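Same order as they appear, the protein sequences are chains A, B and C.
In this text, residue positions in the first sequence follow the UniProt record's numbering: the first is 1, and each later residue adds one.
In this text, residue positions in the second sequence follow the UniProt record's numbering: the first is 1, and each later residue adds one.
In this text, residue positions in the third sequence follow the UniProt record's numbering: the first is 1, and each later residue adds one.
The set of hints was computed from the structure by calculation and includes no laboratory data.
Quick caveat: nothing in here was measured; it's all calculated off a predicted structure.
With a straight-line Cα cutoff of 25 Å, these simulated PhoX-like cross-link-like pairs (lysine-lysine) come out:
1. 94/C x 584/A
2. 99/C x 284/B
3. 284/B x 192/B
4. 284/B x 94/C
5. 192/B x 26/B
6. 99/C x 584/A
7. 30/B x 192/B
8. 284/B x 584/A
9. 48/B x 26/B
10. 556/A x 48/B
Only part of the chain C face toward chain B is listed, based on derived beta-carbon distances under 10 Å:
11. 13
12. 100
13. 127
14. 129
C-beta atoms are modelled at their ideal positions from N, C-alpha and C, and glycine is treated no differently.
Next come the chains, spelled out residue by residue.
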Amino acid sequence: MLQIILLSLGLSCVTGMLSLAASKARPVSKVIACAGGMGAAVLSFIGGVGALFQTATYVSWAGPLPFANFTLLLNPLAGLFIAVIAALAFAAWLYGLAYFDEYYEAGIGPIGFFMNLFIASMNLVILADNAFWFLVFFELMSLTSYMLVIVDQTEKSLRGGFLYLIMAHIGFLMIALSFFSMAVCAGSLEFAAFRGLAFVPPVATIAFVLAFFGFGAKAGVVPFHSWLPQAHPAAPSNVSALMSGGMIKIGIFGICKVCFDLLGATGGEVSWGVLVIIIGAVSSVLGVVYALGEHDLKSLLAYHSVENIGIILLGVGTGIFGWAAGLPWLAAIGLLAGLYHVVNHAMFKGLLFLGAGSVLHATGTRNMEVLGGLARVMPWTAVCFLIGSLAISAIPPLNGFVSEWFTYQGLIGAAMGGDVFLRIVFAFAVVALAITGALAVTCFVKAFGVTFLARPRSKAAERAHEAPVPMVAAMVMLTAACIALGLGAAWVAPQMSDLAASVLAAPALPVGEGAVLVSLDTVSVVSPLVIAVLMVAVIGGCTLARNAANRRAGIKDDPQTWACGYAADLSMETLASTVGANVKGFMGPLYAIRRVVNGLGAVLARMVSRGLSLEKESGVCAPSNADPDSRYDRDRVAGIAPAPAPTVPLSHSVLSIVSDLGAAFARLESGDFRTYIVYIVGALVFFLALIILVR
Amino acid sequence: MTIIIAILQAVLLVAAAPLASGVARKIRAKMHSRTGTSVLQDYYDLAKLWRRCEVREGGSGLVSRIAPPVFLGSFALIAAGLPLAMQACPIPLLGDIITVLYLMALPRFIFSLAAIDSAGSYTAIGGIRELLVGVLVEPSLMLVLFVMAVAAGSTNLGIMTQAVGTLTAYPFVAVVVAGVACAMACYIEMGKLPFDLAEAEQEIQEGPLAAYSGPSLAMLKLGVSVKQLVVASLFVAVFLPFGAAQAPDAGAVLIGFLLYAVKVTAVLLVAAVIENSVMRVRYKYLGRYTWFVVGIASLSLVFLVIGI
Amino acid sequence: MFGYPLVNVLGACLIITSMMVVLARTGRAAACLYSLQSLVLVGVLASLGAVTGSGELYTWSATAFATKVVLVPAILLFTLKKIGGEVPVDLPPKLNPMKSVALVAVEVFVCFVAVSGIDLPTAAAVKPTLAVSLAHFFIGLTCIVIQRSIFKQIFGYCLMENGSHVTLALLAPQAPELVEIGVATDAIFAVVILAVLVARMARYARTLNADDLCELKG
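Chain A extracted, bound-state conformation (with noise of 0.2 Å):
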């Protein structure tokens, strides 16, 4: 199996240079770059199925440095990632085939050089078995992807190219420092060496955390997101595509990897597995409710790729929490929904690009606003979309609910047998699951309703055309695994639920039985085959009965709209601000906090390019006051203006912060005796809190 992955790397790479030379005879080097890339994917494809059900892999050659073997691992972990990234590689490259006729300008050859060295590089980086390799592997994943977001050339995708870029290094240098750390208490970087020691806890915690957040810069994790909806949107959309449903999935691949396999002899702590779970229910709530504010159909995707990946953290903390806590069958359960996600979110998400892609592709704009009425022209692109909203809004009998369901299963569970505080956190867990899964139902009813169904809001969405059959054939491919991960389920499930168990090295939880979905420990079951088939059966007679009525008394069509004595006109129709201005009447408070929380990331680019001396004028961190598109969400806050300094005497900076210091405290005395209650009983409960913790 590591041969056939191998030999479809180095076809991807010999492909690559190929149609670099090629790049003056445009149509060429297309065709070069798409079918080499779909050959190079199916071979990984084939290669990362076969390791799921073998043993590993390992194989060591001697490097160029002493400390830098080339070693790689191919475990079932491994291939699950590789099979998945594969799939996704080839339905890109299909789409890639009518898709990249758009890009002639911005130069074929390089696009696909970039794009297969990009594919190469994520299966080695899920290979590599050594520090040294991995950071390599991880840092051309990051400079590839980068010049691919950047191809347009235009403010816009530099901006976000220049973000991903720094908070890719960010991420990169918290995993290096995780992996040091561990290479110090280890002696060498290979990480065999690793799994066999037991690092001392702070060691240990140290290295997790970092890996944690390092990964989880890469994996578009609150509050390091905010690169998500900058970069995806810029670069083409299969590109997109693969970076979400793929990319993204390194950082998750990374956290259980340092997790399970690499801190394995070590035993975890159940506060990792706290801390994942938290800032996985934050993330998921977050993302989705930013994503409700956006009308750039790319963006929209990208937010909703962060809600994802926190519903993919709800799963995998359950399975680090049930680890470390020595619960085996709730790290089971907990494991088995956080890779099931992955698979669902890789398939429903890139589809959903590549919906965007065509949309982008026959109309010529995202801008939701001005869209409208693409399902008469465009069926195929819209049943492959709707598909995909309801599988991401987690509607049964889809892929999407499939692994919501083990993630409930797996909270509930765990909240079963916990103690007080540990049941507090599983109910906002669950409480934020419950939000994001209505949230989601929202937005995507908003992102097809407006885009797709009503009638055009302008030329652009008059004149669209159906996708060519390429782009059509990638997506019906990704909307076929769609239907498929969700109707098949029993027997996926029990397959994750092996894999699942050879990562955490326990005994396979029984998890299908025939065509039904079982939970032991929340004695619970559910089978996706058996609603599917009572759904048809029973909608299909509604509709029956329903056209068998219609035929006997007849239809109308009426070309005119009622509105209430009005005729229904253009301007009256529903947009995206509209869902959107609703929404943030009720959630207020989680757009106030956006500034904070995008506000990380900008205010590290600034500081960044400062340091760098890279901006004069107001260049890559200036807010988006002159995008025009931006005049529909004033509240979006892409970068902080950098505040000139003025020159000040120091006697004047003394005396104004002694006045704000000043001011600040006056605030405490309000006057109101209540307040001053509020201080006695908080001094009180103080003091007697520090008496216990004293004693």
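Given the coordinates of chain A, assemble chains B and C onto it according to the supplied hints.
Quick look at chains B and C alone, frame taken from chain A:
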């Protein structure tokens, strides 16, 4: 045997839904000192609509066509899985709380999508309001069901029913407070006054229902009534399971059905009296009520955690 | 379901009723709900007496019935009548209901955490009720802090009294009757004095709004 009970439940709920809304209408009339229409009026309305010609508006496509069957079919499917007559689910596959909650999300999705499809502004506003009511009620419903799941030891509705029915659900007061919170959340979800924001007749002219006519409108009206009955039945099934059959033998199941009918009638009578005493809440103040219900649900969580 | 579980259940009802007192809109409703809450309190004391077998607790519950269920609400309703109609008594609180409920839940939880660190032999089985009674202190304070109308703030003071009463009963069930008489008279006199103050303030300042009274507006 249990399959027959499931089919019977679904058919019974669909058949009895117009009667329930007819009775609510009659109570409103009596409270307004009028005679009102007969309780069977909704049946006459549905039969009349079924025979009418359907008008399809310009611009609406496949989604508007499939919305009425999906709405009715999903709620009929949920009804088949609830533990109404027995203290166990007739089809355990449909009886998991996560399955039920997400199956309720499907009709909401398609209904709001169809509302946006019809290109009229009033229908779209109604659809968006329906989505937002769902968003605001979902946390409290999920929290209540979480408390019940931990109290009963399973996420299956049938096992929860059995735990409450045999009084073995452990933190007793937590279950009672959760029941109060669930009653409030289900009332909001039912969409009765003061929370009928999606079809606010005087405000947005019937909302999304304005786009339909003929058999589609009949199916959608029936679906809305079935939704109210199903949500009320969810509350009755989990928190008032007393009298339901312990084992699936015919006599006990029949008694269970009769007692369920009595219980749900009582719940609907209380709902009808409340509905006719208040006016519609202002849309922008909806958040206060829903967050209040979340507060009560979190109080039940605190009781669960403390162990009272 | 007798014995200690009954005490715990009644303790939970105590929380629910005191939350209703905090959320009550009108003064009359608050007085009636306070009477109900005191009835639950009497039940707690009586069941504690049954469980610990201490006769003093029965006399405590009887005197608590006389003072808290009958006398205090009567005094407050009388004060309401004396204030009459021209001064607005029912002012909306500063926090909306949801936040009040959430705050109460947080306080109960925090008190439970605090109590779980305490190990007292007399209170081992009734830890939840001890947490509830400790929480009553904070719920009473919450009522005082968030209510605008000083009439409603009297109820906050009474809730604090209830809380300390139940704590005393839980921790020292064998305490002599003299202690009980002292506690009861303290409660009655405090309420009488507060009621007289509120009535006079209503007559002279013509407002019961605490914000206005702080600035001596009339």
